[in-house]
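Construct the complete structure from the given sequences, taking the supplied hints into account.
Those protein sequence lines, which keep their order, are chains A and B.
Quick note on numbering: the working numbering labels position 30 of the first sequence as 30, and the sequence is numbered without any gaps.
Quick note on numbering: the working numbering labels position 58 of the second sequence as 58, and the sequence is numbered without any gaps.
Hints are not guaranteed to be accurate.
Claimed, not checked - DSSO-like cross-link-like pairs, simulated, lysine-lysine; straight-line CA separation at most 27 Å: (1) A:Lys268 with B:Lys321; (2) B:Lys268 with A:Lys322; (3) A:Lys268 with B:Lys322; (4) B:Lys321 with B:Lys268; (5) B:Lys351 with B:Lys122.
FYI, nobody ran anything at the bench for these hints, they're computed from the structure.
2 protein chains.
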Amino acid sequence: MRIEQQPLVVPSPTDLHQQVSEMIDWLATYGGQGEHGDHGVTRTLYSPAWQAAQSALEHCMREGGLIPRYDDVGNLFGRLSGTEQDGRVILTGSHLDTVVDGGKYDGAYGIIASFIAVRYLKEHYGTPRRSIEVVSLCEEEGSRFPMTYWGSGSMTGIRDMQQVEGIADAEGISFREAMGQAGFGMGIHPSPRRDDLECFIELHVEQGEVLEREGQSIGLVSHIVGQRRYEVTVSGESNHAGTTPMEWRRDALLTAAELIRLVGEWAKRQGDGLVATVGRMEIHPNVGNVIAREVTFSLDVRHPDAEVIRQFCEALFIEWKKIAAAQGTTLTYHKWMDEDPVAMSETLASKAQMILARQGISHRRMTSGAGHDSQVFGTYCPTSLLFVPSHLGISHSPREFTGTDELVCGVRLLIELLYELAY
Amino acid sequence: MRIEQQPLVVPSPTDLHQQVSEMIDWLATYGGQGEHGDHGVTRTLYSPAWQAAQSALEHCMREGGLIPRYDDVGNLFGRLSGTEQDGRVILTGSHLDTVVDGGKYDGAYGIIASFIAVRYLKEHYGTPRRSIEVVSLCEEEGSRFPMTYWGSGSMTGIRDMQQVEGIADAEGISFREAMGQAGFGMGIHPSPRRDDLECFIELHVEQGEVLEREGQSIGLVSHIVGQRRYEVTVSGESNHAGTTPMEWRRDALLTAAELIRLVGEWAKRQGDGLVATVGRMEIHPNVGNVIAREVTFSLDVRHPDAEVIRQFCEALFIEWKKIAAAQGTTLTYHKWMDEDPVAMSETLASKAQMILARQGISHRRMTSGAGHDSQVFGTYCPTSLLFVPSHLGISHSPREFTGTDELVCGVRLLIELLYELAY
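This is the structure we're talking about:
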């Protein structure tokens with residue numbers, strides 16, 4: 001502990017370049033294809049690659065002067081204890097798991113950036129006032145089991161063991177069994193529930209093109225958007241494509257086309273950042289010379305204001321029903337996801353903004369259209385989600401890419417932010 | 001031979017009812033599921049069920065006083081030789097094969113009706129002037145191999161052995177091999193090519209709802225419509241459904257929806273009997289939270305006037321390209337089928353119409369929106385295609401149905417028509 005605070009010296013970008021680049025490539029070898037995982041990374045919850053990566057990070061943390069420990073769902077924490085007695089912890093990190101054939105940055109970057117930042121602070125400024133923990137969250141993507149945010153959710157209490165009873169992966173291995181194979185869920189490690197978190201700070205790749213197109217280095221996220229997801233079914237009547245006059249048809253695909261077209265028109269017209277997507281369709285019987293009997297499709301609507309989503313959907317369905325009725329087809333829909341937007345901490349965002357202004361780093365406020373662990377922590381403690389650019393917005397792909405210079409911008413911001421909060 | 005023609009006595013509907021009904025049920029047992037094939041008939045080219053059916057029909061023909069013979073592609077003919085020396089033949093029948101899980105009437109009815117009619121004429125009026133042959137055409141549907149109209153086409157010359165080189169069924173059995181297994185294609189039977197056909201008359205179920213809805217018993221087909229079939233591809237760009245603003249999207253599914261909607265609007269607006277159908281679509285990657293990168297879909301356009309089809313498609317593609325360009329997606333299309341309409345014989349249709357007027361049977365002129373063997377014969381010799389109603393227009397299904405009374409109407413028409421042409 002220092003009696004008077006030393007002014008912070010942030011490492012130059014050049015100083016950080018190699019260690020950031022090397023650690024990204026190193027972590028990508030766990031579950032990676034090709035050199036440095038350049039041909040894709042597949043590191044799913046409790047898999048051998050996942051276990052090896054957590055072990056390796058545990059070793060890293062210890063080498064870096066942090067005290068590592070697991071909780072009983074497999075989250076890994078590297079702790080730098082502070083001098084203050086209240087025991088509250090600044091948590092920083094991201095998720096270790098990937099989608100199948102994902103990239104090297106999604107989740108991994110946040111863990112690596114947090115680790116490098118905290119290691120730097122420890123090496124140069126010793127013990128903080130406030131405790132800091134770097135976290136490698138066990139799971140976020142839902143890529144092995146039908147379960148998302150297992151790491152963050154178990155810590156805040158929105159996830160529990162009951163929710164994973166009876167779920168299994170594509171090979172039929174149950175969640176419980178997989179946990180056990182990795183050494184978790186057996187009471188060896190402490191329960192994941194936390195009540196000592198001061199805040200959560202997550203660096204993540206944008207998975208969109210806004211920063212790159214607008215030429216900014218950092219995105220300060222104000223909200224994680226709310227989203228609703230529906231399954232929509234249009235029912236008509238199959239008939240022969242040659243012998244059925246147009247006026248007697250009840251063509252489910254024609255109606256679906258009309259409905260989907262309207263989604264695009266209305267979403268574009270909305271102009272306030274709302275996004276609406278139909279990404280998936282199934283047509284039955286899906287034969288060229290048979291009029292479609294039934295079409296199901298997905299609808300995904302997102303906006304930072306839940307009321308805006310509600311109004312959009314309500315008006316859309318009223319218009320949709322008119323269209324289907326006019327075409328003699330029937331429409332049913334089922335809402336299977338309804339997540340409220342989550343606001344990030346304005347205080348933390350402002351601190352970050354001032355740091356970036358001082359550093360002369362270009363930045364902007366923005367919303368996150370994708371879900372993150374930050375949305376789970378965000379309803380639980382002050383949370384800051386900070387984006388670095390994604391090249392061409394590519395994500396969930398081996399082609400996912402962020403230049404090291406941009407990754408380093410994030411680390412330098414985090415070093416200053418953590419110093420300000422903890423030292 | 002009779003010196004003076006006897007006036008024709010057509011059997012009463014009651015007289016025909018049982019034999020028509022029984023023969024439909026009997027033929028349906030070949031390849032049929034359930035009693036009388038009530039749960040579906042699957043009788044594909046050269047299969048064991050197909051062979052058994054041809055054999056059984058051969059026997060039937062012999063018992064009925066017709067001379068049976070095969071040609072070398074497996075068509076079966078039952079001949080009633082006439083007294084005239086020119087050797088020209090009135091051919092009447094339909095196809096023996098079915099689609100997978102088809103019904104009892106499609107094709108089978110035409111064979112059965114022709115057989116019953118000719119057998120009646122022979123029994124009561126003996127030898128005709130002109131030779132008549134009942135034909136059970138080996139194949140029409142293309143349901144086992146990617147080959148349609150193999151029976152009629154081999155007779156008229158639009159099909160030949162070169163076209164079936166290298167094609168195989170879903171199990172990998174080659175066409176040649178399957179032919180050989182059934183005893184054909186080896187020169188045992190005469191070549192299928194014919195140059196002695198006076199005309200071709202085919203009774204068939206409508207496979208549409210016009211006759212049933214309009215309450216008529218017989219449809220006199222004036223044209224088999226022309227048809228064009230396209231494969232259309234829209235290309236855009238995959239992106240994250242949450243993080244990609246609407247204005248930056250190149251959504252292949254949104255464009256496809258717009259294009260498909262237009263097909264329906266224009267076809268309905270056309271109002272002249274044109275039908276246009278999009279029955280099949282594939283979306284890539286077809287994931288709910290990913291903007292579609294590529295969509296392919298089928299387009300099927302039919303009308304009795306080839307020029308109408310041409311103009312419709314030309315105008316459609318011009319408008320389509322504008323739509324795609326406005327949305328930043330690209331459009332390509334490939335025409336893989338372009339069949340001209342085929343006119344049926346007006347002379348034969350008029351004769352049929354006068355017979356029906358005398359019989360007091362309701363009828364109408366109409367086009368056929370589906371392809372038939374009559375379209376192959378129709379460019380080769382005067383041809384008459386005569387429809388009986390299809391209940392609810394259902395076809396290519398175990399639920400295909402036509403009441404026996406209506407089947408009998410067709411037989412009574414055919415008896416008079418053949419008598420008029422051959423006796």
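Quick rundown of the hints versus the structure:
1. Between lysine 268 of chain A and lysine 321 of chain B the alpha-carbon distance is near 20 Å, which keeps this suggested pair within the 27 Å criterion.
2. Between lysine 268 of chain B and lysine 322 of chain A the CA atoms are separated by roughly 18 Å; this keeps the pair inside 27 Å, and the hint holds.
3. Straight-line distance between C-alpha atoms of lysine 268 of chain A and lysine 322 of chain B comes to about 18 Å, which keeps the hinted pair within the 27 Å bound.
4. Restraint check: the Cα-Cα separation between lysine 321 of chain B and lysine 268 of chain B comes to about 21 Å, which is no more than 27 Å; the hinted pair holds.
5. Distance restraint check for lysine 351 of chain B and lysine 122 of chain B: the Cα-Cα separation of roughly 21 Å lies within the 27 Å cut-off, and the hinted pair is therefore satisfied.
Consistency note: the structure conflicts with none of the earlier hints.
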